[in-house]
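One-letter residues, chain by chain:
Number of protein chains: 2
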Amino acid sequence: MKIKIQDALILTMDEQQLYVQGDLLIENDRIIQVGGQAPEGWEADETVSLKGRLIMPGLVNTHGHTPMSLLRGYADDLALQSWLQDHIWPAEAKYTEEDVRYGSLLSIVEMLKGGTTTFVDMYDHTDVIAAAVEEAGIRGCLTRGVIGLCSEEERAAKLANAVRFAKEWHGKADGRITTMLSPHAPYTCPPDYIELFVQASIELNLPIHTHMSETIAEVEQNVRDYGVRPVEHLRRLGVFDRPCLLAHAVHLTDEEIQILKEYDVRVSHNPGSNLKLASGIARVPDLLRAGVKVSLGTDSSSSNNNLDMFEEIRLVALLHKGVTYDPTVVPALTALKMGTIDGAISIWLDEVGLLRPGYKADLIAIDIDQPHMIPHSDLVSHIVYSASQKDVTDAWVNGKRLVKDGACTTLDEERIRYEAARCFARING
Amino acid sequence: MKIKIQDALILTMDEQQLYVQGDLLIENDRIIQVGGQAPEGWEADETVSLKGRLIMPGLVNTHGHTPMSLLRGYADDLALQSWLQDHIWPAEAKYTEEDVRYGSLLSIVEMLKGGTTTFVDMYDHTDVIAAAVEEAGIRGCLTRGVIGLCSEEERAAKLANAVRFAKEWHGKADGRITTMLSPHAPYTCPPDYIELFVQASIELNLPIHTHMSETIAEVEQNVRDYGVRPVEHLRRLGVFDRPCLLAHAVHLTDEEIQILKEYDVRVSHNPGSNLKLASGIARVPDLLRAGVKVSLGTDSSSSNNNLDMFEEIRLVALLHKGVTYDPTVVPALTALKMGTIDGAISIWLDEVGLLRPGYKADLIAIDIDQPHMIPHSDLVSHIVYSASQKDVTDAWVNGKRLVKDGACTTLDEERIRYEAARCFARING
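Chains as they are written, first to last, in the working numbering: chain A, 1 to 429; chain B, 1 to 429.
None of these hints come from the bench; they were simulated from the model. Glycine included, each C-beta is placed from N, C-alpha and C at the ideal position. Any given hint might turn out to be false.
Subject to a maximum C-alpha distance of 30 Å in a straight line, what follows is the list of computed DSSO-like cross-link-like pairs (lysine-lysine) [to be verified]:
1. A:K261 x A:K293
2. B:K404 x A:K51
3. B:K51 x B:K167
4. A:K51 x A:K293
5. A:K404 x B:K404
6. B:K293 x A:K404
7. B:K293 x B:K167
8. B:K4 x B:K94
9. B:K400 x B:K167
Label pairs and their in silico Cβ distance ranges [claimed, not checked]:
10. A:Y19 x B:D350: 46 to 52 Å
11. B:R356 x A:A290: 34 to 40 Å
12. A:D264 x B:G52: 26 to 32 Å
13. A:L149 x B:K261: 43 to 49 Å
14. B:Q221 x A:D7: 35 to 41 Å
15. B:R422 x A:P331: 25 to 31 Å
16. B:D286 x A:A290: 53 to 59 Å
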C-alpha cells in the first residue's frame with residue numbers, strides 16, 4: 001500500500017529540519033520520504049490532501065492504565081492513598097474482563113482521536129488489553145502491573161502470568177505490541193519479589209516499568225521499611241541494571257537524580273495526575289539538566305481526568321516555569337519532544353517519534369486553520385501552548401489510517417461509549 | 001422572541017439545585033424557566049433540541065487583552081519585563097485600529113466558540129473593541145488601560161479618553177457593554193495619576209480594574225519607590241474605597257489578603273499566564289479561605305496562548321492541589337463557580353453566571369457524548385478535569401444564539417482569520 005499525503009505543513013520533530021514542505025510518502029508501514037515531490041514513476045494507491053493542516057509524529061503516552069477510564073470522575077479531590085485504597089481498588093475489584101475490554105477501548109478511542117498513537121499501559125487482564133490494541137491498530141507497550149501484597153502462592157501466580165503475557169505478546173500485532181515487566185511499586189512489592197521481576201526481565205530481555213516516589217509518604221515509608229530512599233532501594237535490587245522506565249519520580253534528591261542519570265533510567269512525568277492527587281511537582285528542569293530522559297504520561301483517566309497528551313505537553317511547559325520563576329525552562333520544543341520522540345526513546349522504540357524516512361508511519365494531522373492557531377507565527381508554540389486533543393483530525397499508525405476526519409476507522413465509537421457506560425453502571429451499582 | 005431548549009441536561013450552577021431535567025425557556029434576553037415543562041399556552045417561536053448535550057451558564061473571563069491575539073506565539077519563554085518591553089510593547093506600538101479590530105474579533109470568535117459569553121478587556125483603541133462587541137453579540141466589560149509613563153499632557157489626554165470611553169459606552173449594546181476605569185498598574189502609573197482615576201471612578205460610579213503584584217520584581221520596586229507593598233500603596237491612594245478588580249495578585253502577604261477581604265477587592269486569577277511568564281503561583285486557597293472573591297482570566301493570547309477558559313478552570317483546580325499537597329483545595333465545583341457565577345459577581349453583573357429565571361440568557365451547550373466525557377458519573381468533574389473549549393457546540397448571549405453547532409452566527413470567522421493573519425504579517429514585517 002502506497003500513500004501520498006500532500007498539501008500539509010510537515011513538522012518532523014527532527015531538529016535537523018523541523019519544518020518541511022511537500023509530500024509525505026508511505027509504503028506499507030513505513031515513511032519513505034518526507035517533503036519534496038514523489039520520485040519519478042512512484043504511484044500512490046491513495047492520495048490524501050490535508051490542506052490547512054499540520055502533520056507531525058503521533059504522540060507517545062508513557063504511563064497509564066487504560067481500563068480505569070470507567071472510573072473517570074468517580075472519586076475526585078481525595079488524597080492518593082485514600083483515593084486508591086478506599087475508592088479505586090474496591091471498584092477495580094469488581095472489574096470483569098468485559099469491563100477491562102470496554103474501559104481500555106474507551107481510552108484507546110480517546111487517545112487515537114486525540115493524537116496519541118503509542119501508549120504504555122500497566123494493568124491486569126492484559127490479554128484483553130492486548131486484544132483491544134490488536135483490533136484498534138494503535139501501538140501499545142503493555143505490561144501486567146503486579147501488586148505483591150498477597151500470599152506467596154498468589155505472588156507466584158501473578159509473576160507467572162506477567163511473564164507468560166510478556167513472552168506471548170511481545171512483538172505481536174505486526175510489531176505494534178511490545179511488553180515490559182512491572183512490579184507495581186516499591187511500596188506494594190516486597191524486595192525479594194522485585195528481584196524475581198529483575199530476574200525475569202533478564203531472561204526475557206525486556207525492560208522494567210514501575211511506579212516510584214510518587215508521594216512524600218511513600219518515600220518516607222520506604223526509608224522506614226528499608227532504611228533507604230526508593231532510588232537506592234531499587235538500585236540495590238538490580239532494577240536499574242535493567243532498562244527501566246519509572247512513572248512519577250516526583251520526590252528526588254540531587255543524589256537520586258545523579259543515580260538515575262548514571263543508570264540511564266527513564267522517567268515518565270505525569271504532571272496532571274501529580275497535581276490532581278496533590279502528590280507534588282517533579283523536578284523536571286533538574287532532571288533535564290542532569291541529562292535524564294524525561295517523557296510524558298497521562299496516568300489514568302481517574303486521576304487526570306482525560307487522556308489528552310497536549311495537556312500534559314502544555315503542563316510540563318507551563319508548570320515548571322511558574323514553580324522555578326524561570327520562564328526559559330522547558331521551552332515549547334523541549335516539551336513537544338517529551339511528548340513525541342523522547343517518549344519513543346523512553347520505551348526503547350527506535351523507529352517511532354519522528355517523521356523521517358525509514359521510520360514507522362505513525363503520524364497525526366492537526367487543524368491549524370482555527371482561531372486559537374492564528375496567526376501562524378510559531379506552530380510549535382501553538383501546538384504546545386494552545387492546542388488540544390480536539391484539534392486532531394487524522395491519525396495513522398503503521399501506515400494505516402485509524403482516524404479519518406475525526407472519526408475512528410477501526411473501532412465503533414458509539415458502541416464503545418454505550419458499553420463503557422453500561423459497565424460503569426454495574427460497577428457503581 | 002421565545003425559545004425553548006429541550007432534551008439537554010441542565011447544569012444551573014445554582015447550588016440550591018445544581019442539575020435540573022426538562023426544558024429551559026427564554027423570552028427575549030432572559031431566562032424565564034429552568035427545568036420542567038413549558039406552562040400551558042406558552043408557545044415557543046423556536047425549539048432547539050440538544051440531545052446528548054449539557055447546558056450551563058456561559059463562562060466569564062475576568063481579565064484579558066483581546067487585540068493581543070495577533071501576537072500569539074510571537075515571543076515565548078521570556079521573562080515578563082523582557083517579554084513586555086523588548087517584544088510586546090514595540091510590536092503593539094505598530095498597531096493600527098484595523099489591527100485592534102481584527103485582533104479583538106479573532107479573540108471574540110475563539111471565546112464565543114469556546115464557551116466564554118462575557119469577557120473583561122483592558123486595552124487601547126477601546127472604541128474599536130466596543131464596536132466589535134456590539135457586532136459580535138458577546139457581553140464585554142471594557143476598559144481603556146492607561147500607562148502613565150509619559151508627559152503630563154499625554155497623561156491628561158489618556159485619562160480624558162478613558163473617561164470619555166467609559167461614559168459613552170457604559171450600558172450600551174442592549175446593556176451588554178459595561179465599563180471600568182484602569183490605571184494599568186502601580187508600577188506604570190504615578191500615585192497622583194492613580195488618584196485621578198479614583199476620582200473619575202467616583203464621578204462616573206464605575207469600578208476600577210488594574211494589574212497588581214504580578215511579579216516579585218514589581219512588588220520589590222513598589223517597596224523601593226513608595227516604601228510599602230502594592231496593596232498598602234493602592235489602599236492609601238483610595239483605590240480600594242472603590243469597587244475594585246485586581247488582575248493577578250500573585251504575591252501577597254497574609255496581611256495583604258486580609259486587606260483585600262476587608263475592602264471586598266476582587267481578584268482575577270490568571271494561572272496559565274502566571275505560569276507561562278514565570279510570575280509565580282497565586283495563593284488561591286488562602287484567598288478563598290479568607291473569603292476574597294476570586295475569578296478566572298486567561299490574560300492575553302500572547303501569554304497563555306489561547307483563550308480557553310476550561311483550561312483556566314482546570315488549572316485552578318489542579319495547580320493549587322499540587323503546590324499545597326492538599327487534594328481537597330479548590331474542588332471541582334469551586335473551580336467551575338470561579339469560571340461562571342463568581343466571575344459575574346467579580347465584575348458586578350448580578351444577572352449573569354447562573355441559569356435561573358430572571359437572569360440574562362447567557363448559556364452554552366457542551367457535547368457530553370464523547371469518549372472523554374464517559375461515563376456520566378460526575379459531569380461537573382468532567383467539565384473541570386476533562387473538557388476543553390472545543391467541546392462547546394452552542395452559545396447564547398442575551399437570548400441570541402451566537403454559536404450554532406460550532407459555528408459563529410454573527411461573525412465571519414474565515415474572514416477574521418484571514419484579516420488577523422494579514423495584520424500580523426504587517427506588524428511582523
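So, going through the hints one by one against the coordinates:
1. Of the supplied pair hints, the one linking K261 of chain A and K293 of chain A holds, its CA atoms being roughly 8 Å apart against a limit of 30 Å.
2. About 25 Å separates the Cα atoms of K404 of chain B and K51 of chain A, which keeps this hinted pair within 30 Å; it holds.
3. Restraint check: the Cα-Cα separation between K51 of chain B and K167 of chain B comes to about 43 Å, which exceeds 30 Å; the hinted pair is violated.
4. Between K51 of chain A and K293 of chain A, the direct Cα distance comes to roughly 35 Å. Violation of the 30 Å bound is thereby established for this hinted pair.
5. Among the hinted pairs, K404 of chain A with K404 of chain B is consistent with the structure: their alpha-carbon atoms are about 24 Å apart, no more than 30 Å.
6. For a cut-off of 30 Å, the pair hint linking K293 of chain B to K404 of chain A is broken: about 45 Å separates their Cα positions.
7. Our distance criterion of 30 Å between C-alpha atoms is met by K293 of chain B and K167 of chain B, whose separation comes to about 26 Å.
8. Taken as a hint, the K4 of chain B and K94 of chain B pair is broken in the structure, with Cα atoms around 47 Å apart against an allowance of 30 Å.
9. With a C-alpha separation of about 26 Å, the suggested pair K400 of chain B and K167 of chain B falls inside the 30 Å cut-off, and the hint holds.
10. For the hinted restraint 46 to 52 Å between Y19 of chain A and D350 of chain B, the CB-CB distance of approximately 50 Å keeps it satisfied.
11. Checked against the hint of 34 to 40 Å, the C-beta distance between R356 of chain B and A290 of chain A comes to roughly 55 Å, which is inconsistent with it.
12. The beta-carbon spacing between D264 of chain A and G52 of chain B, approximately 48 Å, falls outside the hinted interval of 26 to 32 Å.
13. The hinted range of 43 to 49 Å is satisfied by L149 of chain A and K261 of chain B, whose Cβ atoms lie roughly 47 Å apart.
14. Here the CB-CB span from Q221 of chain B to D7 of chain A is close to 51 Å, at odds with the stated 35 to 41 Å.
15. For the pair R422 of chain B and P331 of chain A, the supplied restraint of 25 to 31 Å holds, since their beta-carbon distance comes to about 28 Å.
16. Taking 53 to 59 Å as the suggested C-beta distance range, the pair D286 of chain B and A290 of chain A does not conform, at roughly 34 Å.
When each numbered hint is compared with the structure, violations occur for hints 3, 4, 6, 8, 11, 12, 14 and 16.
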